[in-house]
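Q: Residues per chain, in single letters:
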Amino acid sequence: MDFLSDHQPQLLPGNRQLPPTQGVIEAPHGTTIVAVTFPGGVVLAGDRRATMGNVIAQRDIEKVFPADEYSAVGIAGTAGLAVEMVKLFQLELEHFEKVEGAQLSLEGKANRLSTMIRSNLGMAMQGLAVVPLFAGFDVDRAKGRIFSYDVTGGRSEEHGYAATGSGSIFARGAMKKLFRDDLTEDQATTLVVQALYDAADDDSATGGPDVARRIYPIVTVITEDGFRRLTEDEASEIARAVLERRLEQPDGPRAALL
Amino acid sequence: MSTPFYVSPQQAMADRAEYARKGIARGRSLVVLQYADGIVFVGENPSRALHKFSEIYDRIGFAAAGKYNEYENLRIGGVRYADLRGYTYDRDDVTARGLANVYAQTLGTIFSSAAEKPYEVELVVAEVGETPEGDQIYRLPHDGSIVDEHGSVAVGGNAEQISSFLDQRHQDGMSLAEALKLAVQALSRDTNGSEREIPAERLEVAVLDRTRPQQRKFKRIVGRQLSRLLEADGAATEAESAEEED
Chain V
5 MDFLSDHQPQ LLPGNRQLPP TQGVIEAPHG TTIVAVTFPG GVVLAGDRRA
55 TMGNVIAQRD IEKVFPADEY SAVGIAGTAG LAVEMVKLFQ LELEHFEKVE
105 GAQLSLEGKA NRLSTMIRSN LGMAMQGLAV VPLFAGFDVD RAKGRIFSYD
155 VTGGRSEEHG YAATGSGSIF ARGAMKKLFR DDLTEDQATT LVVQALYDAA
205 DDDSATGGPD VARRIYPIVT VITEDGFRRL TEDEASEIAR AVLERRLEQP
255 DGPRAALL
Chain X
6 MSTPFYVSPQ QAMADRAEYA RKGIARGRSL VVLQYADGIV FVGENPSRAL
56 HKFSEIYDRI GFAAAGKYNE YENLRIGGVR YADLRGYTYD RDDVTARGLA
106 NVYAQTLGTI FSSAAEKPYE VELVVAEVGE TPEGDQIYRL PHDGSIVDEH
156 GSVAVGGNAE QISSFLDQRH QDGMSLAEAL KLAVQALSRD TNGSEREIPA
206 ERLEVAVLDR TRPQQRKFKR IVGRQLSRLL EADGAATEAE SAEEED
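Quick mapping for you: the protein sequence lines, in order, are chains V and X. All residue numbers for the first sequence refer to my numbering, where the first residue is 5 and numbers rise by one. All residue numbers for the second sequence refer to my numbering, where the first residue is 6 and numbers rise by one.
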């Protein structure tokens, strides 16, 4: 492999010239990711559906990954490229930590991810975009923080809540009405599941909780104690509680009018 | 023009080995011991920033005696090798044996190359297994040979004396506190047989703990946890410290 890349790089699969394509390449796409901060940490969650055009490519895809001990990344966009990007991102953070003997700052991690997204711009122009959401616990400031990105790698810090992916508009609308700055951890995890439910309600590419197959959203919490992914039982309990209430009130909790 | 003297290859190698050994002997020794739940690294190190022990990969740790810049160089090379392997293939495909081989190649090449001075370092590469039988410890002397070690190993200045001391006393299935105590006892013996006290602040201690729930098993033991372990003299305190570890 190294020998080839030194002497005949065009022989490596990744370096072959692609013929110009007509239209969009069909590949599985991940959909909605949401994040909410609460005093003491941040919650990052994602639905489980991957779509390829009008087809559901995968029902139980995992789109939220720990980046390191104190941060996580959720991916929307082309699943294959996004998973590869996360793998490389995890590797870089771990490598830095081991070589330098200290962790990167949260800001540093967010910047690094930004560069990685920008390097994918060529693919994004061909319809293979990757747009992650990055959330972490800032050890220096002792609070949870969220960063969102656009396809060119543009980075912006979000305060309170954020969403990315095809269902993000609906999820953001739901979070806007439900968010408060004094949420507890339990309330925050319920809030993200509500938001994902609303996204699935109105966006065909986002999957809702699948009770029959026992597929529930992935919910992760990052606090001072580090990254923790809710177990399937915990996630199903929240999802079932939300579902139960929606049987009576299909549009979910109502916010006050004034 | 002066004619260069003829030096026999045997003599040249002996001189280089002598040079490297003297360099290593100037540094303080360190020990690596197996205990019931993993492998513990103990050494005397006045600096808190310049480590003798470090993490290479999930289950692999690194210890070095000798010249700092030289072993730091090797350590970073090892981390790079392991991370690249793990990224290209899988995390399980990174093994201490593979890493030790790479180190042996590097050290061997440098040792026998006339253009470079030999490295004044002695390394230990250890990998913690699922069970004590799966533990692997490799010692890599300055000339690029590999020694497969079991139970306990010492490198650095006073290594031979310390190893024989440890060999007599080390047992399988020791608790962390017992292993740590034995290690400190071994390190605090001077060349002339007398003992001196090594305060906890001057100790560098790290473990590869197989019971750790995280994927990465390497952990430094510092501060209160270290002093508690040093004072502990029974299984009761041991259990308590394990609880507080994470």
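Everything labelled a hint here was simulated from the structure, so no lab data went into it. Be careful, since some hints might not be right.
Claimed, not checked - In silico lysine-lysine, DSS-like type, Cα no more than 27 angstroms apart, as pairs:
hint : chain 1 : residue 1 : chain 2 : residue 2
1    : V       : 91        : X       : 224
2    : X       : 122       : X       : 186
3    : X       : 72        : X       : 27
4    : V       : 147       : X       : 224
5    : X       : 224       : X       : 72
6    : V       : 180       : V       : 147
As the list claims (entries may be wrong) - Sample of chain X residues with no beta-carbon within 12 angstroms of chain V, all distances over it, derived:
hint : residue
7    : 113
8    : 176
9    : 203
As the list claims (entries may be wrong) - Stretch by stretch, here's where chain V covers chain X in the computed footprint (C-beta under 8 angstroms, at least three residues):
hint : stretch
10   : 58–67
11   : 80–92
Heads up, the beta-carbon is just placed ideally off N, CA and C, and yes, glycines get one too.
Q: Which numbered hints turn out to be false for this structure?
A: 2
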